[in-house]
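From just these sequences and the hints, can you work out the full model?
Numbering follows the working numbering, with no gaps: position 416 of the sequence shown is 416.
Think of the hints as simulated: they come from the structure by calculation, not from any bench.
Please read all numbers here as calculations on a predicted model, not as lab measurements.
There could be a bad hint or two in this list.
[Unchecked claim] Derived CB-CB ranges, DEER-like: (1) Ala544 <-> Glu470: 41 to 49 Å; (2) Pro468 <-> Leu626: 24 to 32 Å; (3) Ser482 <-> Ser162: 46 to 54 Å; (4) Leu572 <-> Pro552: 12 to 20 Å; (5) Glu420 <-> Pro273: 22 to 30 Å; (6) Ser203 <-> Pro468: 33 to 41 Å; (7) Gly478 <-> Pro721: 54 to 62 Å; (8) Glu412 <-> Gly753: 25 to 33 Å.
[Said to hold, decoys possible] Simulated crosslink set (DSS-like; lysine-lysine; CA at most 25 Å straight-line): (9) Lys448 <-> Lys308; (10) Lys308 <-> Lys504; (11) Lys43 <-> Lys448.
Virtual Cβ for every residue (Gly too), placed ideally from N, Cα, C.
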Amino acid sequence: MPARILQSRYLSVQTEFERGLEKAYQSQQPELFRAAQDDYQQKMQSLYSDPTLPQQYADAYDRYKVALKRLISETDMSDLGFMDIRNLGQSLLSVSTTAMNLPPRGATTVAAANNPFTPPAERPETPPRRMTLGECAMSQANSVLTGMPGLLAALIATELLSRSQRVGVLIPAAAYARFESLVRRISLRRDPGISVGRMEHLSSLENATGAEAWHFAPSGESAPGPLLESLRAASIGALNLVTTPYCGGQRWRWILPGGEPIADSSPVMTDFPVKRSFRTTLTLDSGHPEDIAQEGVLHFLSTLFDLKTEIDERTDDLFEYRGLRCLISPSTRVNILRTEQAAAIITAIADRTEAGDHVVAGADSLSGEDFLERIGDIYGVSLLPLDGKALFSRQLTAIDALLDRRLMNFAEHLGQPDREVIEHAYAAAGMASIPSDLDPAEFDDLVKAARQTQLSEHRALDSHASNPPEIRTTHSGGREFSYSTAGNGGEAVVLLNALGQGRKPLSRLTAHLSPRFRVLSWEPGGLDDSESEISLLDHVDDLATIVKREAPAGVHLVGWCTAPKIAAEFVLRHPDRVLSMTFLNMQVKCLENPLDFDTPYEIDFEALFRDLEQRPSTASWISTSLTSRGSEPDLDGMMETEADESEAVLATMNRDLRIPVLRPFRDANSTIRFARQMTDFWSYDVNNVAGQVDVPVLLLASEYDRIASPRASEWAHRLFPRARLLHAPGANHYFLYDRADVVARMIEWFVSGDGLPETSDEHRSPAALNSSVETVGSHGAEIQ
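Now the structure itself:
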């Protein structure tokens with residue numbers, strides 16, 4: 001056990017260090033490398049400060065070698081198959097890697113990593129590597145990956161690269177960037193100095209003749225007919241269809257439109273020379289932070305972590321006295337195998353066979369009750385199993401139902417395959433017998449490692465989001481104002497904040513978008529005495545100044561709450577400068593054209609601001625009254641039922657925002673100025689301009705939004721000619737902060753073209769045909 005604990009801690013520190021190196025390399029900032037190196041040194045020294053753990057690991061390692069030698073001496077090597085030898089080697093490599101990384105007795109420092117920013121002349125000489133990922137132009141590909149590649153695909157790709165193969169990946173550019181990062185991380189963890197092949201993003205199948213194709217899809221789905229036709233036309237040599245639960249990471253896809261599982265609407269006769277299919281049960285590996293790696297059990301764990309974190313950030317200790325009901329029968333079987341083991345079996349079968357259908361699974365399984373109890377103990381929440389019929393009963397609270405919605409029918413992936421079916425796959429892989437399964441202690445260790453990765457990633461994100469942005473200053477209409485910029489490349493995204501708000505509500509979204517986009521934003525001014533009062537049209541002029549200076553070729557506008565009206569007016573004035581618009585929790589209230597879905601918030605503030613206009617002397621009282629609410633308790637302690645409490649929690653604001661959102665009411669003068677801005681905003685009727693907007697528009701409505709009614713977004717959706725509407729179940733007005741990761745991926749999905757409301761199948765490239773796999777999920781949010 002001490003050896004297992006040490007190895008788990010070592011891998012956690014190593015993973016965090018790799019993330020730091022990757023971030024430094026991508027942003028080309030040497031200071032980030034130095035910070036990551038210093039942090040790594042400190043944590044490793046702290047890890048090994050207890051002399052007992054390294055010694056116990058060393059002792060365990062010695063016993064392992066003795067047992068291994070005895071096993072080899074007593075075994076007839078002719079009885080061992082390919083997979084037996086391979087698994088033996090991987091086991092030895094795993095324990096040896098950790099043992100070799102232990103510092104010598106008495107060591108006071110940890111070996112430094114090679115600094116990629118050091119001039120070549122100052123670096124120690126290292127043997128040249130033959131190839132690197134994406135190093136030069138792709139020639140003839142040995143393997144082509146398509147579909148929704150995630151962790152399982154990355155492990156298979158790493159194996160192919162270790163054989164010096166040329167691997168082409170035919171997926172959208174943004175998806176490739178994530179996949180390459182995951183493959184690079186896995187390759188570095190295995191052996192940073194190993195000779196590898198070459199991996200590159202493909203836009204066509206021009207050089208795929210004779211290649212082996214690997215298509216990855218979620219369980220129950222298949223390759224789209226047009227893609228299969230393109231593969232056949234390219235004369236590929238073999239086709240491997242791999243399906244696995246939550247393939248490519250489904251952590252955010254519950255927000256996307258629903259639809260039927262992908263199947264061939266017009267079946268294609270796939271007369272490939274070699275065709276194999278692989279279906280895995282639930283997989284599990286040590287934690288990887290990338291969302292595309294959240295496959296199998298990691299999808300369950302990341303979904304649980306996300307929901308629990310959201311609830312904990314709104315109210316204290318709910319899960320100390322409330323459990324979470326899961327639609328998993330206590331007696332059902334949960335079959336789990338290591339992702340790395342699944343990848344090894346699949347590649348071995350592909351090496352040894354010409355065709356066949358294979359189910360890759362573990363020999364045994366956990367009961368649903370045991371599965372939930374073990375995870376619940378580690379995550380600090382009581383997970384209660386329920387039969388699937390409970391979905392239609394009153395047993396589920398709103399929070400329970402939200403967990404089930406985000407898990408996207410986890411129960412569909414449960415059950416124990418027949419023993420003969422499992423043995424068939426292992427025999428095809430050249431294994432004489434089925435290896436032992438995950439023992440309970442190993443399962444617990446993997447779950448703990450995943451949770452530690454999630455905690456580290458969440459803390460790192462919050463730290464990144466809290467860093468001061470780069471501030472730039474410009475002028476508009478004789479006024480000087482500031483805006484911020486983040487990210488180093490990609491298309492420009494302008495975040496339009498709600499009137500009166502500061503940067504806090506947008507901070508997490510900025511952090512999630514900045515790796516893929518250049519993010520611009522500014523705080524709408526006009527509240528301070530030192531500023532002139534600013535109208536909605538003044539804000540439009542400010543936006544025009546920023547876009548002209550920073551991104552004259554065009555921007556994607558993302559507006560929250562009141563900001564969509566600014567975006568709508570801007571696109572009318574500058575239609576050639578806007579590529580797309582995303583409206584989050586849109587307010588459409590108009591005094592001259594009242595609608596019947598104003599929220600109590602809007603109605604109350606309209607009355608309050610009218611009274612303030614008549615009696616400015618009340619501004620001080622209003623300011624004091626509103627700002628005092630920031631310290632009120634999380635929830636009403638007199639909730640009658642658990643169902644009432646559940647809905648109240650989901651409607652509650654994140655405690656991080658309770659003070660920042662009161663910024664407009666910080667004093668009497670700002671309160672008066674904000675009231676005038678809102679009255680001016682309410683005089684603008686979006687109904688008069690929406691029909692003239694000829695750019696794609698995505699609207700997001702939240703189920704528990706008490707500030708901007710979901711019906712407002714539904715109404716606006718019918719006004720804009722090229723609009724798409726998504727509903728976020730269980731979310732409130734501050735969804736862009738609570739789940740900035742989901743909003744960021746939703747924006748990327750939309751602006752990349754996958755989510756556009758108008759598409760045409762004509763003249764689409766094979767990459768575009770393949771990307772259609774990403775745009776439809778078998779489960780998701782409603783779309784209109």
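- Message: Check the structure against each numbered hint from earlier and tell me which ones fail, lowest number first.
- Response: 1 and 7
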